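*Asks:* Take these sequences, add in the hints, and give me the full structure.
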Amino acid sequence: MAKHLLSLLLIALWLAAALPLQAAGLDEKVIEHSFSNGLKLLMVERHSSPTVSAWIRFKVGSVDERSDERGIAHLLEHMLFKGTTTLGTRDYAAEKPLLEKIEATAQRLLAEQTKGAKADAAELKRLEQQLAELEKQAQQFVVKDEFFDLYARNGGSGYNAFTSKDGTTYLISLPANKLELWASIESDRMRNPVLREFYSERSVVMEERRRSYDAEPGAKLWETFVAAAYNAHPYGQPIIGWMPDIEHLSRTKAEGFLKRFYAPNNAIIAVVGDIDPTAVIALVGRYFGDLPPGTPVPEVAVQEERQRGERRVEVIGDAEPEVVIGFHKTALGAKDDELFDVLAAILGQGRTSRLYRSLVLEKQLATDVSVFDAPGSRYPNLFVLHATPRAPHTAAEVEQALLAELERLKTEPVTQRELQQILNKLEYEEARRMGTNGGLARNLTEYEAVAGSWRYLTSYRAKIEQVTPHDLQRVARAYFTRENRIVGTLVKNGNGRTAQ
Amino acid sequence: MRIWIAALCLTLCWLGTAAGAERANPRSMTFPPLQFSVPKAERIVLNNGTPVYLLQDRELPIVTIAALIRTGSVYDPAAKSGLAQLAGSLLRGGGTTPLQPRQLDEELEFMASSVESAFASDNGMVTMTSLTRNLPRTLTLFNDVLFRPRFDEQRFEIARRQALEAIRRQHDDPKEVGDRELTRALYAGHPLGQIPTAATLQAINRADLVTFHRRFVRPDNLILTVSGDFDRSQIIDQLNQTVGGVRASGPLSLPTIPAVPTNDKPAVLYAAKQINQSVIRLGHLGITKDDPDLYAVRVLDFILGGSFTSRLMMEIRTNRGLAYNVGSHFDVGRRFTGSFSAETETKAEATLKVIDLMTGIIKGIRTEPVSEQELELAKESIINSFLFGFTSPASTVLQQARLEFYGYQPDYLDRYRERIAAVSREDLLKAARKHLRPETFKLVVVGDAKSFDRPLSSIGTVQELALQ
Chain E
401 MAKHLLSLLL IALWLAAALP LQAAGLDEKV IEHSFSNGLK LLMVERHSSP
451 TVSAWIRFKV GSVDERSDER GIAHLLEHML FKGTTTLGTR DYAAEKPLLE
501 KIEATAQRLL AEQTKGAKAD AAELKRLEQQ LAELEKQAQQ FVVKDEFFDL
551 YARNGGSGYN AFTSKDGTTY LISLPANKLE LWASIESDRM RNPVLREFYS
601 ERSVVMEERR RSYDAEPGAK LWETFVAAAY NAHPYGQPII GWMPDIEHLS
651 RTKAEGFLKR FYAPNNAIIA VVGDIDPTAV IALVGRYFGD LPPGTPVPEV
701 AVQEERQRGE RRVEVIGDAE PEVVIGFHKT ALGAKDDELF DVLAAILGQG
751 RTSRLYRSLV LEKQLATDVS VFDAPGSRYP NLFVLHATPR APHTAAEVEQ
801 ALLAELERLK TEPVTQRELQ QILNKLEYEE ARRMGTNGGL ARNLTEYEAV
851 AGSWRYLTSY RAKIEQVTPH DLQRVARAYF TRENRIVGTL VKNGNGRTAQ
Chain H
371 MRIWIAALCL TLCWLGTAAG AERANPRSMT FPPLQFSVPK AERIVLNNGT
421 PVYLLQDREL PIVTIAALIR TGSVYDPAAK SGLAQLAGSL LRGGGTTPLQ
471 PRQLDEELEF MASSVESAFA SDNGMVTMTS LTRNLPRTLT LFNDVLFRPR
521 FDEQRFEIAR RQALEAIRRQ HDDPKEVGDR ELTRALYAGH PLGQIPTAAT
571 LQAINRADLV TFHRRFVRPD NLILTVSGDF DRSQIIDQLN QTVGGVRASG
621 PLSLPTIPAV PTNDKPAVLY AAKQINQSVI RLGHLGITKD DPDLYAVRVL
671 DFILGGSFTS RLMMEIRTNR GLAYNVGSHF DVGRRFTGSF SAETETKAEA
721 TLKVIDLMTG IIKGIRTEPV SEQELELAKE SIINSFLFGF TSPASTVLQQ
771 ARLEFYGYQP DYLDRYRERI AAVSREDLLK AARKHLRPET FKLVVVGDAK
821 SFDRPLSSIG TVQELALQ
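So the sequence lines, in the order shown, correspond to chains E and H. Per my numbering, the first sequence runs over residues 401 to 900. Per my numbering, the second sequence runs over residues 371 to 838.
Rather than coming from a laboratory, the hints here were simulated on the basis of the structure. Heads up, a few of these hints could be off.
[What the hints assert, rightly or not] Distance windows between CB atoms, simulated:
| id | chain 1 | residue 1 | chain 2 | residue 2 | range |
| --- | --- | --- | --- | --- | --- |
| 1 | H | Gln405 | E | Val543 | 29 to 37 Å |
| 2 | H | Gly759 | E | Ser436 | 37 to 45 Å |
| 3 | E | Pro792 | H | Gln611 | 19 to 27 Å |
None of these values were measured; they are calculated from a predicted model. Ideal placement from N, C-alpha and C gives every residue a C-beta, glycine not left out.
*Replies:* Written out as structure tokens, the structure reads:
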């Protein structure tokens with residue numbers, strides 16, 4: 401759904417950059433419970449306000465799509481706002497046959513469309529009209545966005561969902577006395593979902609794509625850059641799908657994906673706030689406990705082959721230049737992976753970071769520099785540098801300056817003060833992140849899903865304390881090479897075009 | 371009966387005896403009562419008269435302090451538009467009398483403390499956060515940023531160049547273009563409608579920043595908020611030794627800003643951009659916080675365009691699949707007249723159709739009372755989610771200080787929910803008729819006119835905006 405799906409996603413991408421936050425005291429505060437159907441529940445009690453945040457993370461994202469399903473994880477996330485056999489409908493028994501007719505018509509239409517130039521124009525038109533007519537008929541049974549209304553009426557705040565490469569998350573905050581409403585709606589969403597209003601929602605997603613990518617040259621550069629980085633691994637495909645992918649998605653495909661993956665053993669719940677954990681275990685057990693377990697999400701078997709030479713992409717757009725440079729690197733939790741977090745902080749965190757100091761303050765080649773890892777973290781990903789050139793300086797000058805700072809990492813050891821500053825920041829972040837229900841729920845579900853345990857957070861600082869300047873130099877030398885590099889530039893169209 | 375079932379169920383939960391318990395229907399579910407009253411901060415006054423709102427919360431070893439300053443870009447001279455923005459950024463960015471900018475950056479970042487400053491249109495904020503153990507030193511640096519800024523010449527030049535680069539990029543995002551051009555049209559002839567240009571930024575010099583700072587950043591022109599892990603008497607001493615020890619020089623005199631001129635002439639503004647989706651923005655001037663219809667307008671906002679099941683969202687997104695983002699909003703003015711605006715983005719071929727739908731839906735809410743269900747949903751949502759404004763001590767204390775800062779009634783927050791509850795369908799209709807005036811809309815469309823479903827000129831005389 402999620403009006404703010406992409407902004408959330410972008411925040412996650414751009415801010416989650418370097419340093420996962422760990423937490424002094426988190427070890428004692430998290431209460432874990434596993435249900436017999438494989439559902440995992442994580443809780444933290446905080447009584448500073450009579451509110452509670454509840455996040456459900458499914459360990460399935462766009463990386464788990466087959467090539468003919470690109471975009472389905474995200475579209476399914478939208479569709480799961482449409483209700484169940486009892487919510488969002490006036491009479492499911494009467495609605496169901498119509499929904500089946502709609503899908504049969506849509507399948508015929510898709511088959512005809514797939515013929516491309518050879519398609520029968522009259523038949524296309526007839527099927528389109530028939531689909532529109534049936535969808536209109538089905539409207540009589542729909543109670544629009546009833547989940548939202550139920551949550552809103554009860555004071556729900558921040559009701560949303562987002563899809564990433566690695567997972568799909570449904571989130572809400574409620575007054576603490578309303579948690580049962582959440583359990584009831586969310587368990588029903590898992591048990592009896594009905595993907596009604598599918599084809600109008602597919603149109604909404606197309607508008608989302610136009611808004612967030614087609615009309616935003618910077619975002620267009622980003623998806624082109626990520627696609628160029630992967631030949632085989634599905635991390636290269638955009639979460640929302642390419643437009644022709646979305647055009648060929650159907651309710652049948654969405655239901656297939658749903659049945660394959662949306663099972664309790666693939667889900668992690670975090671409930672944080674003004675709660676009694678014993679009561680929450682009972683509540684979750686009562687509502688979710690009898691959901692049948694499904695097949696675990698299989699690991700993506702494909703591994704990206706080692707890149708053999710620099711890759712360059714450019715996007716021409718109606719916008720001023722941007723530069724993005726990436727290097728293939730390890731997955732989260734793999735040996736040496738935390739070294740990249742340290743490098744990202746040294747290069748890009750704060751006004752004293754090396755890139756800010758060099759490119760923004762001293763040479764003034766750029767107005768803005770950021771360093772983060774993307775596009776996911778469950779599988780080997782990219783170490784990314786992004787910069788906004790300042791005219792009259794060109795993207796090429798900025799690229800050279802960025803690479804020069806990476807070379808420096810290979811030859812000069814980083815200082816103890818730089819390392820200490822990172823540890824100090826981590827200590828502060830550990831404390832700060834304990835201060836919001838939503839932030840904690842996010843971290844617990846995310847790291848439980850991606851790292852295999854939320855305890856990743858609590859062992860993190862100790863790992864960083866072990867990092868030596870020599871380790872950093874070793875990793876910089878091994879990974880920041882020309883042959884392992886992808887460079888993307890945004891180039892202004894028309895007369896403003898600058899030759900790179 | 372239902373209440374009894376809920377109570378029973380709660381007991382079962384407590385005992386952890388889940389087996390066999392009933393699942394309740396979310397449509398009819400009832401809940402144990404929840405009383406919420408707004409947490410109260412303590413107001414004290416420093417030796418020099420500066421008010422401070424204090425709210426202790428020892429959950430985390432962190433202290434947050436903010437200064438709310440009566441300043442803003444409304445005070446920018448027209449020829450130096452952008453002055454407040456630069457002054458706000460350089461206050462912290464330009465170092466302090468004792469510390470070069472680089473020294474200040476290094477010291478703050480090494481102890482993981484932050485001090486940041488920014489001036490908006492009708493206020494300025496300087497904030498600091500710090501681990502408790504670094505509070506004394508961070509507070510000293512915060513005080514230096516407020517009252518002893520260096521406005522380092524070199525950092526000033528960097529900030530100006532960054533602002534110039536932002537202007538070069540101001541047409542890159544069509545949504546940003548739409549928002550800016552609507553603001554410019556609504557507030558034409560008023561400082562709120564001034565947008566910095568390369569020329570106005572070039573006209574600003576360091577001395578302007580110094581003068582601007584001297585004029586506005588004074589202990590008698592700001593309110594402090596302090597929240598988090600502090601000891602009451604210790605923090606009062608520390609505040610008196612820093613902010614409380616600064617004397618204002620001479621009497622405070624803030625320039626008078628004229629009221630926003632009435633601006634009821636409709637307009638159709640078009641900015642050409644080669645994109646497959648049009649950005650649509652429309653609106654007119656709105657109300658201030660002192661308007662007696664404030665509460666009716668809040669409820670109206672929810673029903674018309676402020677929620678996921680609002681009328682605009684329901685028709686344009688959910689029913690017709692014509693947009694991802696669609697909504698409307700009364701931006702209630704605090705010191706100056708606010709605005710009403712509606713926004714969406716739709717594929718180029720549907721541009722005029724969607725404009726018609728939007729204006730039709732807005733007109734519709736002026737012709738007939740909303741349904742009882744719409745009214746109840748909106749009121750319950752606003753009332754029941756009210757407590758989310760107070761989930762952290764920093765937001766709670768800031769909400770309270772803002773009442774004094776903007777001159778709200780002291781019981782504004784305490785009585786907010788009962789005043790929302792009192793809004794009737796008739797109040798809403800009256801408010802809609804008075805505060806929505808579709809015949810005066812200024813419409814901004816950013817897009818590719820040759821792909822539109824109808825010419826824009828079918829709505830009115832089109833003024834084309836040059837994006838160069």
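*Asks:* Give a verdict on every hint.
*Replies:* For each hint, the structure was consulted:
Take Gln405/H and Val543/E: their Cβ atoms lie about 31 Å apart, and the range 29 to 37 Å holds. Between Gly759/H and Ser436/E the Cβ separation comes to about 40 Å, which falls inside the hinted range of 37 to 45 Å. Checked against the hint of 19 to 27 Å, the pair Pro792/E and Gln611/H fails, with Cβ atoms roughly 48 Å apart.
The structure shown violates just one earlier hint, number 3.
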